[in-house]
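Chain order of the listed sequences is A and B.
Per this note's numbering, the first sequence starts with residue 1, numbered consecutively.
Per this note's numbering, the second sequence starts with residue 1, numbered consecutively.
Hints should not be assumed to be uniformly reliable.
[To be verified] Some chain B residues well away from chain A (every beta-carbon gap over 12 Å; in silico):
1. 10
2. 29
3. 37
4. 60
5. 131
6. 146
7. 150
8. 151
9. 189
10. 217
11. 230
12. 258
[Claimed, not checked] Which stretches of chain B does chain A cover? Using the computed rule of at least three CB atoms under 8 Å from a CB of chain A, they are:
13. 82 to 92
14. 104 to 116
15. 169 to 176
16. 180 to 186
Worth flagging that the hints you see were computed from the coordinates, not collected in a lab.
No experiment lies behind these values; they were computed from the predicted model shown.
Virtual Cβ for every residue (Gly too), placed ideally from N, Cα, C.
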Amino acid sequence: MAEDLNWAVGGEAGDGIDSTGKIFAQALSRAGRHVFTSKDFASRIRGGYTAYKIRTSVDRVQSVVDRLDILVALTQRTIDENLDELHDGSAIIYDGERSWEAEIPDEMTAVDVPLKSLAEDAGGAIMRNIVALGAACEITGFDVEYLDEALEKRFGGKGSKIVENNKKAARLGQEYVQENYDLDHLGYNLETTDNDYVLLNGNEAIGMGALAAGCRFYAGYPITPATSIMEYLTGRIEEYGGHVVQAEDELSAINMSLGAARAGARSMTATSGAGIDLMTETFGLVATSETPLVICDVQRSGPSTGMPTKQEQGDLNMALYGGHGEVPRFVVTPTSIDECFWKTVEAFNYAEKYQTPVFLVSDLAMSVTEQTFPPETFDMDDVEIDRGNLVDEDEVEEWLDDQGRFRAHAATDDGVSPRAIPGTTDGAHMSTGLEHDELGRRTEDTEVRVEQVDKRNRKVETAKEREDWDYREFGDADADTLVVSWGSNEGALVEALDYLEEDGVDVRVLSVPYIFPRPDLSEEIEAADDVIVVECNATGQFADLIEHDTLTRVKRINKYTGVRFKADELAEKIKQKLTEEVPA
Amino acid sequence: MSSEVRFTDFKSDKQPTWCPGCGDFGTMNGMMKALAETGNDPDNTFVVAGIGCSGKIGTYMHSYALHGVHGRALPVGTGVKLARPDLEVMVAGGDGDGYSIGSGHFIHAVRRNVDMTYVVMDNRIYGLTKGQASPTSRSDFETSTTPEGPKQPPVNPHALALAAGATFIAQSFSSDALRHQEIIQEAIEHDGFGFVNVYSPCVTFNDVDTYDYFRDTLVDLEEEGHDPTDYDAAKEVILDADKEYQGVIYKDENSVPYSEQHGVDANMSEIPDGAPENAMDLVREFY
Ligand SMILES: Cc1ncc(C[n+]2csc(CCOP(=O)(O)OP(=O)(O)O)c2C)c(N)n1
Ligand code: SF4
Numbered sequence: 001m002a003e004d005l006n007w008a009v010g011g012e013a014g015d016g017i018d019s020t021g022k023i024f025a026q027a028l029s030r031a032g033r034h035v036f037t038s039k040d041f042a043s044r045i046r047g048g049y050t051a052y053k054i055r056t057s058v059d060r061v062q063s064v065v066d067r068l069d070i071l072v073a074l075t076q077r078t079i080d081e082n083l084d085e086l087h088d089g090s091a092i093i094y095d096g097e098r099s100w101e102a103e104i105p106d107e108m109t110a111v112d113v114p115l116k117s118l119a120e121d122a123g124g125a126i127m128r129n130i131v132a133l134g135a136a137c138e139i140t141g142f143d144v145e146y147l148d149e150a151l152e153k154r155f156g157g158k159g160s161k162i163v164e165n166n167k168k169a170a171r172l173g174q175e176y177v178q179e180n181y182d183l184d185h186l187g188y189n190l191e192t193t194d195n196d197y198v199l200l201n202g203n204e205a206i207g208m209g210a211l212a213a214g215c216r217f218y219a220g221y222p223i224t225p226a227t228s229i230m231e232y233l234t235g236r237i238e239e240y241g242g243h244v245v246q247a248e249d250e251l252s253a254i255n256m257s258l259g260a261a262r263a264g265a266r267s268m269t270a271t272s273g274a275g276i277d278l279m280t281e282t283f284g285l286v287a288t289s290e291t292p293l294v295i296c297d298v299q300r301s302g303p304s305t306g307m308p309t310k311q312e313q314g315d316l317n318m319a320l321y322g323g324h325g326e327v328p329r330f331v332v333t334p335t336s337i338d339e340c341f342w343k344t345v346e347a348f349n350y351a352e353k354y355q356t357p358v359f360l361v362s363d364l365a366m367s368v369t370e371q372t373f374p375p376e377t378f379d380m381d382d383v384e385i386d387r388g389n390l391v392d393e394d395e396v397e398e399w400l401d402d403q404g405r406f407r408a409h410a411a412t413d414d415g416v417s418p419r420a421i422p423g424t425t426d427g428a429h430m431s432t433g434l435e436h437d438e439l440g441r442r443t444e445d446t447e448v449r450v451e452q453v454d455k456r457n458r459k460v461e462t463a464k465e466r467e468d469w470d471y472r473e474f475g476d477a478d479a480d481t482l483v484v485s486w487g488s489n490e491g492a493l494v495e496a497l498d499y500l501e502e503d504g505v506d507v508r509v510l511s512v513p514y515i516f517p518r519p520d521l522s523e524e525i526e527a528a529d530d531v532i533v534v535e536c537n538a539t540g541q542f543a544d545l546i547e548h549d550t551l552t553r554v555k556r557i558n559k560y561t562g563v564r565f566k567a568d569e570l571a572e573k574i575k576q577k578l579t580e581e582v583p584a
Numbered sequence: 001m002s003s004e005v006r007f008t009d010f011k012s013d014k015q016p017t018w019c020p021g022c023g024d025f026g027t028m029n030g031m032m033k034a035l036a037e038t039g040n041d042p043d044n045t046f047v048v049a050g051i052g053c054s055g056k057i058g059t060y061m062h063s064y065a066l067h068g069v070h071g072r073a074l075p076v077g078t079g080v081k082l083a084r085p086d087l088e089v090m091v092a093g094g095d096g097d098g099y100s101i102g103s104g105h106f107i108h109a110v111r112r113n114v115d116m117t118y119v120v121m122d123n124r125i126y127g128l129t130k131g132q133a134s135p136t137s138r139s140d141f142e143t144s145t146t147p148e149g150p151k152q153p154p155v156n157p158h159a160l161a162l163a164a165g166a167t168f169i170a171q172s173f174s175s176d177a178l179r180h181q182e183i184i185q186e187a188i189e190h191d192g193f194g195f196v197n198v199y200s201p202c203v204t205f206n207d208v209d210t211y212d213y214f215r216d217t218l219v220d221l222e223e224e225g226h227d228p229t230d231y232d233a234a235k236e237v238i239l240d241a242d243k244e245y246q247g248v249i250y251k252d253e254n255s256v257p258y259s260e261q262h263g264v265d266a267n268m269s270e271i272p273d274g275a276p277e278n279a280m281d282l283v284r285e286f287y
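Using the sequences and the hints given, assemble the complete structure.
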């Protein structure tokens, strides 16, 4: 495995940390290097520590690790917060002219660069972060010209003067280090390749998936970390004749999306935490009226308003069981950023094929993390659209009763009824959240009630048979140790395999992107000596499901600090679990 | 088809379970006639209904329809209309549905000015839950949950609408069949959000706001020479708490509906078989 570099810039919120990090990440990606980013941020706009971290290698990287090699620190707190990850060989770039006195451990390389003064020389103090990027290039022997493209992308819209100034700022930073320090690139030699990569985060992948899948309507209400899906769609969806509405609240958002879906549009809403609670009111209506709708929950740390900017996978039960009564719904959980794209496409297809709500459950770590992919990963020719049992004017005739009324909720063998969108001649019908007959009319007739409940549940049975509810597999297929995971832990687990291999521990990893319906893991679990379920929550919601399905007790690795798993940390925890007894 | 459409085409074969004499019969008839008269037919009409006796209207009418959850009919209607500008969208519900649980949605629907018609069947009581106070109940109106009256002033839905920037505000009385139909028709024809509060008496639980009461007190704004395009005159009518009236109260003739302001005119139900042709451009943005 090629050597990887771990780099970070940190300061106060409002210091431009995000855009600085993004520029460097893009430069690395342009240079044909893989990038995986992560963010530390607090729930405030100005003030408060925030950092943007980049891990980069010529090999694929898909996790964060406990190591920081180069840190651009705009505040002392940036250094303090990261002491655990800094090591003897780390270099810290800071501005000695500024009022704070950097306390940097002796073993580390302190690189004092007058960021602000040099930025002023280039045309404005605001570019001090770019000076620091230039310095970082020099320290790592990374060609500063790669920065140029990223700067053009970032500032191109603001005019060539700004771009030129920024390029100059980067060079001043680079030259300053060259002239004042004898670091010999600290031994780094950041290899470059001819590969073209795209760099995107999970929410962008969901938004892009929605557009590719023909989503035309989106209503949402801003909430961290789901908002960036709405931001992505706004301004882009219009190009396909679609529209985004910022609703007055989540109740409105889901009901608007529902309205658009009933009108025949592919429609979606997304939220997180508190917003999913409000939307719960309408889950049952979506399911009972058999409306195709994609509801995305980008999980964050709960309960209540919890920790809005922190990672957690605590909403699984909510997605599975939320709402009163018994409501059939699908729960799809992408396991990586590229899968955020593909699973979104799938979610729209399931929604229409089975005329049912589909929960697309992602999480904060995935939503803010950017990762590089070859562009073919998102080959649009592979996008298939299946609108399910949509009937046109002629087909409607087959579904009329003897009095010419459209049987919109016909109790078919597979549970899937014909769907006539408004405007279809003779298809007019009403749907309701009340229990209803085939025509959509309210009923309390015991037989019809049972028939309709069975019919709606039958869709799930049909889907179980017709679709692949598979898992993704990594590691050694014959290993005695089985690790099962869902959602964004996959990347860290896959990298943990390398660490475990070094220690001679063979592990088979199953990463599950479907919670309901979900793959039957009985055989896999039976074949293993040790079964460990990994998830970012305190109670082990997925582990409970597996125990329920397989009647086998499993070991659990749970993390609920608000921080995602790291590869090396997971490797340690897995080894530790192997020495423990299975719970009685 | 429209010239042949009769209002009975909008009738479903389900017999209403409303109490004999309920104001909602008249409200519904007027809506169906207005829809037929304005050239609509059941296949291009979408009715969204609230929850309550009033919300049952979706069941008794024949069209594409959704009967949703309590108070959220307006957002549903908004979604339908934005996705399908070709449809005639009508939203109907009660005073509890619209001004209590749904009050937040009401003012936002008003200010969005989506081109649809909102009919509130105002009986100044909760009918379906058997006679509790509603937001339009008089402050001394005694009910099972407010034995001494709600002791709060009723909401003034027209004032709320005007303050939120409404472009069409009207009031009708379900038993004045012709005027009611005319007013709904005008709301349908309005370019934007057409809001009509309909006095629709509950004969079972409200013995104060009765047919007789409205017949005796109702003033027709048209007969009074009220000019609905005059904002100040509208304001005066709306803030006059002592007067019961019917007619179009306010109408902004320069109303620009949401769809026009935001360029939302596509039929969103039509999508390609696969990703759009230029979809790889979406990926390239991330270079
Ligand atoms: C979330 C929710 N809360 C409460 C109810 C019970 N409920 C049904 S109808 C209604 C009030 C209806 O009053 P109104 O809108 O005035 O309609 P009316 O029956 O008078 O026509 C209530 C509170 C419900 N269905 N949903
Ligand atoms: S209870 Fe009142 S509102 Fe309900 S149907 Fe009877 S009369 Fe009409």
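Status of the hints after comparison with the structure:
At roughly 9 Å from the closest C-beta of chain A, the C-beta of residue 10/B falls inside 12 Å, breaking its exclusion from the interface. Listed as outside the interface, residue 29/B is consistent with that label: its C-beta sits roughly 18 Å from the nearest C-beta of chain A, beyond the 12 Å cut-off. For residue 37/B, the requirement that its beta carbon stay farther than 12 Å from each beta carbon of chain A is met, with the minimum near 19 Å. Listed as outside the interface, residue 60/B is inconsistent with that label: its C-beta sits roughly 10 Å from the nearest C-beta of chain A, within the 12 Å cut-off.
At roughly 21 Å, the least C-beta separation between residue 131/B and chain A is larger than 12 Å, which holds for a residue marked as non-interface. Residue placement check: residue 146/B keeps its beta carbon more than 12 Å from all beta carbons of chain A (closest about 26 Å). For residue 150/B, the shortest C-beta to C-beta distance to chain A comes to about 25 Å, beyond the 12 Å cut-off, and the non-interface label holds. No Cβ of chain A approaches the Cβ of residue 151/B within 12 Å, the least distance being about 28 Å, so the stated non-interface status holds.
Every Cβ of chain A is farther than 12 Å from the Cβ of residue 189/B; the closest lies at roughly 20 Å, confirming the non-interface assignment. For residue 217/B, the shortest C-beta to C-beta distance to chain A comes to about 35 Å, beyond the 12 Å cut-off, and the non-interface label holds. The claim that residue 230/B lies off the interface holds: its Cβ sits roughly 30 Å from the closest Cβ of chain A, which is beyond the 12 Å cut-off. A cut-off of 12 Å between C-beta atoms contradicts the statement that residue 258/B is not in contact with chain A; the least separation is 9 Å.
Evaluation of the coverage hint for the segment 82 to 92 of chain B: fulfilled, as 5 residues show C-beta separations to chain A shorter than 8 Å, against a requirement of three. Figure legend: the segment 104 to 116 of chain B, annotated as covered by chain A; annotation consistent (3 residues with Cβ-Cβ distances under 8 Å, at least 3 required). Residue count for the segment 169 to 176 of chain B with a Cβ under 8 Å from a Cβ of chain A: 0. That is fewer than the three needed, and the coverage hint is violated. Coverage of the segment 180 to 186 of chain B by chain A is violated in this model, with 0 residues showing a Cβ closer than 8 Å to a Cβ of that chain against a need of three.
Hint compliance for this structure: hints 1, 4, 12, 15, 16 are not met, and every other hint is.
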